[in-house]
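Top to bottom, those sequences are chains A and B.
Per my numbering, the first sequence starts with residue 1, numbered consecutively.
Per my numbering, the second sequence starts with residue 1001, numbered consecutively.
Be careful, since some hints might not be right.
Here are the in silico distance ranges between beta carbons for each label pair [stated by the list, open to error]:
#1 Leu1059(B) with Asp127(A): 29 to 39 Å
#2 Thr1148(B) with Asp127(A): 17 to 27 Å
#3 Gln249(A) with Leu1159(B): 24 to 34 Å
Honestly, the hints are just simulated from the structure, not real lab data.
For every residue, glycine included, the Cβ atom is placed at its ideal position computed from N, Cα and C.
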Amino acid sequence: MTQLEPLPKPEPQGPAAADQPVPAKKPLAEAINEAKEAYRKLEKTREILHSAGSIEVGQTPHEIVAETRAYQLLHYRPMVANTAKVPILTVYALINKSYVLDLQPDKSWIRSLLSQGFDIYLINWKDPSVVDKYVSFDDYVNAYIDDCVDFVLKKTKVDQLTLHGYCMGATMSTMYTSLHQKKVRNLALIAPVVDTSKDSTVIGNMARNMDVEKMLATIGNLPPEQLYACYAALKPFKQGLAKYFNLVQNIDNDSFVGNFLRIEKWLYDTPAIAGSAFKQWIDDIYKDNLLVKNEFMLGDKLVDLSKITVPLLNIVADEDHLVSPECSVPLNDAVSSTDKRLMRFHTGHVGLIASSYSQNNVLPKVGQWLKARSS
Amino acid sequence: MTDNNQFNVEQFNKMLSVWAESMKLPTIGPMYAFSKEFGEFASEFINLGKVMSDMKTSLDQYWSMVNATYAKASKETAEKAPKQFLTKDDFEAYRKVMIETFENAFTDLFSSAEFSKVYGKVFSNQLDMSKGFQNIVERNFKALNLPTRSEMDEILKDLHDLKRRVRDLEKKEAA
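Excised from the complex, chain A in its bound form:
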């Protein structure tokens, strides 16, 4: 019978009772609001990510002064009336695109050097197609870079320039300098791959057992999909997962989203790599470490690093997960230059060139070094 007894009527609640906290209801309301907010952010993220490809990059004014099937040579509009006498030719890598050096105005490596009074040229490599599988480093260094160097020297009416390379472009600049030193006044490098026996990166480890000879014979160029597979192995959860959580959390911060999308666009803008060049890169440089042994051949010419005597600036990042600093640093011992400088920064491979840190800490020092050697 007790079960059938009606429940006591709730006492009427006055205004004072309404002010009392209701522990069960408030967290639920909060949870619903949080879920709504999370859904809104996710929806906004989805929409924004779809527009990533159309975001503007490489906005610093420039003109294409020379173009072939292999490259475009860009000349940036000077930002000061009297630029330094020695022009700078920037050599970008064969991986991804050169606009990472001019990603956005407030984080542009190129723009910063322009504002410091330098005359800047940049080699923007074009995507190799299936017919380019036999293009090797000999072509890139002794033909394409050499043609660009001659063009710049002729246009600026000087005998020497500063060769400025990033990553694989830094390695190519080093090769070029060892063979054509009379045209090079300074060699300024960012994260060059030199002594691969000391490389401790995931990419270096994966490259050690790749049969690139077979790849060249079977599919020709290295397909972008293979590069994506390598990228996926680099910081797989921090890059592959955590960064998207951060994006969702910061989706209302326009500046954060802009930075994110530009880097994202660059990461997935990956061309194939010419087969013969890639074979040399993996077999000769990564597996056999021929460059630092002074046994690397470009066509019939030997690349001997000890022949380099020009002023050298070697810029490395302590947290570089693509090119270990230990792999870049030995260059300073391998060359015969008396004027050589190693700059180490506490950042990563991309942070070194396209970040606020780079603008505030790296570029002022680089500009200072270059300025002292560009008159």
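Fit chain B to the given chain A structure using the hints.
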């Protein structure tokens, strides 16, 4: 029974030899090349089967390593993560622990010599498979008297060398 068997074998051999003789006939057009290379076609297919079997072995090794790492990371995450999920912070702490643990476990895997070897084998097997298909397609192309990839490749190599020689000669002349 023995006589019957003997008869069957004889009949079978006779049939095969008739077929083999037919294949040797100078047929007209693409079939001539096809009949000539029939044996090699068969061996390409057998080889492809072997390549696929090797690839399966390598992929099994690959996934076994990935799965073992996943299991190890999951176990570590469970040990380190908060034991109850009452607040938003608990979920946040779980997410951080999970990402850190998985990141470390998989970076260790991808940096290991064992993974490098297995990855190299998978890469090589995939190329072998592509090559096997290419060989079969090339035989068909040859039978149809069409240019093959290998022949195009030779032309590409010649073109590349010629372009480079022209560039170097022009440069020499201009100097």
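Tested hints:
As the Cβ distance of leucine 1059(B) to aspartate 127(A) is approximately 30 Å, the hint placing it in 29 to 39 Å holds. Against the hinted window of 17 to 27 Å, the Cβ-Cβ separation of threonine 1148(B) and aspartate 127(A) comes to about 25 Å, which satisfies the hint. Hint check: glutamine 249(A) to leucine 1159(B), Cβ distance near 53 Å, so the stated range 24 to 34 Å is violated.
Violated hints amount to a single one, hint 3; each of the other numbered hints is respected by the structure.
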